[in-house]
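Add chain U to chain R, keeping to what the hints say.
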Amino acid sequence: MESKSSMPSPSLIDQQVFPGDVVLDMSKITSQTIKLGGGLHQDGDLISVTKAGVMRFSKPNKYWVESSHKQYVPSAGDNVIGVVVDARYSINFYVMYQNFSVDIKCSTLAFLPVLAFEGGTRKSIPKFERGTLLYLRVVKADAGMNPELSCRDASGKAANYGPLKDGLLSSPTCPVLESLGKKIAFEISVGLNGRVWVNSSTPPAVVLVSSTIIQMAQQDESLLHDQLHIV
Amino acid sequence: MEFVNPEGLRLDGRRPMEMRQLRAEIGVVSKADGSAVFEMGNTKVIAAVYGPREVQNRSQQSNDQALVRCEYSMANFSTGDRMRKPKGDRRSTEISMVIRQTMEACILTHLMPRSQIDIFVQVLQADGGTRSACINAATLALADAGIPMTDIVTSCSAGFLNGTPLLDLNYVEDSAGGPDVTVGILPKLDKVTLLQMDSKLQMETFETVMQLATEGCKAVASYIREVLLENTKQLESRRGV
Numbered sequence: 001m002e003s004k005s006s007m008p009s010p011s012l013i014d015q016q017v018f019p020g021d022v023v024l025d026m027s028k029i030t031s032q033t034i035k036l037g038g039g040l041h042q043d044g045d046l047i048s049v050t051k052a053g054v055m056r057f058s059k060p061n062k063y064w065v066e067s068s069h070k071q072y073v074p075s076a077g078d079n080v081i082g083v084v085v086d087a088r089y090s091i092n093f094y095v096m097y098q099n100f101s102v103d104i105k106c107s108t109l110a111f112l113p114v115l116a117f118e119g120g121t122r123k124s125i126p127k128f129e130r131g132t133l134l135y136l137r138v139v140k141a142d143a144g145m146n147p148e149l150s151c152r153d154a155s156g157k158a159a160n161y162g163p164l165k166d167g168l169l170s171s172p173t174c175p176v177l178e179s180l181g182k183k184i185a186f187e188i189s190v191g192l193n194g195r196v197w198v199n200s201s202t203p204p205a206v207v208l209v210s211s212t213i214i215q216m217a218q219q220d221e222s223l224l225h226d227q228l229h230i231v
Numbered sequence: 001m002e003f004v005n006p007e008g009l010r011l012d013g014r015r016p017m018e019m020r021q022l023r024a025e026i027g028v029v030s031k032a033d034g035s036a037v038f039e040m041g042n043t044k045v046i047a048a049v050y051g052p053r054e055v056q057n058r059s060q061q062s063n064d065q066a067l068v069r070c071e072y073s074m075a076n077f078s079t080g081d082r083m084r085k086p087k088g089d090r091r092s093t094e095i096s097m098v099i100r101q102t103m104e105a106c107i108l109t110h111l112m113p114r115s116q117i118d119i120f121v122q123v124l125q126a127d128g129g130t131r132s133a134c135i136n137a138a139t140l141a142l143a144d145a146g147i148p149m150t151d152i153v154t155s156c157s158a159g160f161l162n163g164t165p166l167l168d169l170n171y172v173e174d175s176a177g178g179p180d181v182t183v184g185i186l187p188k189l190d191k192v193t194l195l196q197m198d199s200k201l202q203m204e205t206f207e208t209v210m211q212l213a214t215e216g217c218k219a220v221a222s223y224i225r226e227v228l229l230e231n232t233k234q235l236e237s238r239r240g241v
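Note that the protein sequences, when read in sequence, are chains R and U. Per the numbering used here: the first sequence ends with 231, consecutive numbering throughout. Per the numbering used here: the second sequence ends with 241, consecutive numbering throughout.
Looking at chain U on its own, in the form it has when it is part of the complex:
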């Protein structure tokens, strides 16, 4: 299948190094301590953060750091063919763990000992890159909840199809079976917190693809900063400062 046509355009009309449109909204779940919706093109994800709160399972309580928990789920209506998936299937357990580990890297857990932070992410619309969108949504929700973080984590994916590196794969490109590199970075500290790859890639091409994904992460980071800035401005004007 041809993923990049001779004019250099992808199936959805993007150029190889172009990202999908980003949209984010903060404070969408009124009961949660922090929440956000994050959209990357047609992928739409909602995240809610509760805590830091009392640890539910006493045996998991730790005296020097907070317990971070994450639950990832996909809405039944999120994909084209409506499928009833069992709740704890392997894929969602794996993604829950990935998101948890990524977020744990940036949360200052030692500041909130003997408490737990719950992150719930649900995919409302799936069109590739749900993992990245979930991490971005969780970051925004954590920032909204006022949980101390060393830096914001942002994530983006990149792939390699038809001999061209492609940024931010959509569902069709994702399911083509080519390599799919998902990267999560701490943009200010310039550290990588997440790196996953499906299938194989040559060493030299991997470098360029990863570089591309990192650039994507930085673009997401600047967008997230904008959203937080707008939110802070709103809070200020509401206080009448």
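So that you can see chain R by itself, here it is in the shape it has in the complex:
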């Protein structure tokens, strides 16, 4: 979204804004071009806010509203953990199912092309069941399309992407892993969509690690720093 306009009133930058607030009036146009980011909406001559948050500005001409929401919005390059929802596929390219459907906790299901694996050919399509966990990379995330995923890194290698076997999936948010790793050996995949998968040698260790992470996530961040020493 690009538009020509004057600077917004500087007083609004880094201030709290609410849905409906008008931050810019385009009728007072100067020659400068500006770029609008998330949370801003152009309606005729007026630029208004659509989300509650803080107005941000980045030089030279970018404006957006910084806000927090629980829902994941995919963006290209993100590493995420997904659950296979539909594993049917066909290599006959005249019919449907050229993609696996994967739930990555965003507003629509994401597509994983059946050939998007390391050395993917028609003969090497992996067999997944419904509910299989996958560590994936978001390749395309355009408005109006289902996001596209891949099990390869940019150079075509598997690079730790792929199915996650056993273990336990949870969805916490926190930075305690290093301290935990000093005590217990465990395997972890952290997705940008808020999902965390943990595996270890024994089930009790898996439960211990994941419940510690979940508990930590529930603590207030100020408390969290004290807790780090205890662990």
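You can take every hint at face value.
No more than 27 Å apart at the CA atoms, straight line, and that leaves these computed lysine-lysine pairs for DSS-like: (1) R/K28 to U/K188; (2) U/K31 to R/K70; (3) U/K233 to R/K62; (4) R/K35 to U/K188; (5) U/K31 to U/K233; (6) R/K140 to R/K70; (7) U/K188 to R/K62; (8) U/K233 to R/K70; (9) R/K35 to U/K233; (10) R/K59 to U/K233; (11) U/K191 to R/K28; (12) R/K140 to R/K123; (13) R/K165 to R/K105; (14) R/K105 to R/K70; (15) U/K31 to R/K165; (16) R/K165 to R/K140; (17) R/K127 to R/K105; (18) R/K105 to U/K31.
Don't read these hints as lab results, they were simulated from the structure. Computed from a predicted structure; not experimentally measured.
The following block gives chain U in isolation, referenced to the frame of chain R:
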């Protein structure tokens, strides 16, 4: 029955143009994408928003806008006499529809095509004005979920009893059978998205009553702004900015 006594006070001690106390809390349902509790005096309502998410019923999917769904229900313990009501009774279906239409007016549905937004509102305590409280709670929950809106919708009711316009009716005043005007507005754009009235009212008095309800909506709007401001501040301090 006397609803305004000679001293000019109502049954619950308010003045005719006085609102009940407002209280709101954001993020009360941990599993939901957005949630809020809204209280207007003794009326207490909880709202949870899920989405935008995959459309459950494919035939309802639309390629140019999001599908908004709303479900209103009343807890069995919300009223004085505990009654087991069937789930889809006419009253709650009607209120669900009213809330859905009101919220649809402010959500930018065209930004989220092929998805659905679910709004669940439940009345925990009913003391008149549940419709308004539900709309206010739903607005807060939508803002918490980060769903793009043109403006916040706020709602308030007003009535006309004993020849006096009364703001924000409680249960006793509501069930007196007098006119009950519920108004929902977009305060920044100054537009009306909801206008309902039970019983009849003269044209001139209707104007004043509606004006009163609109003033009430604006008061609610400034309170909701305060709550959102507090929430944003908290989020900022948690990030350590």
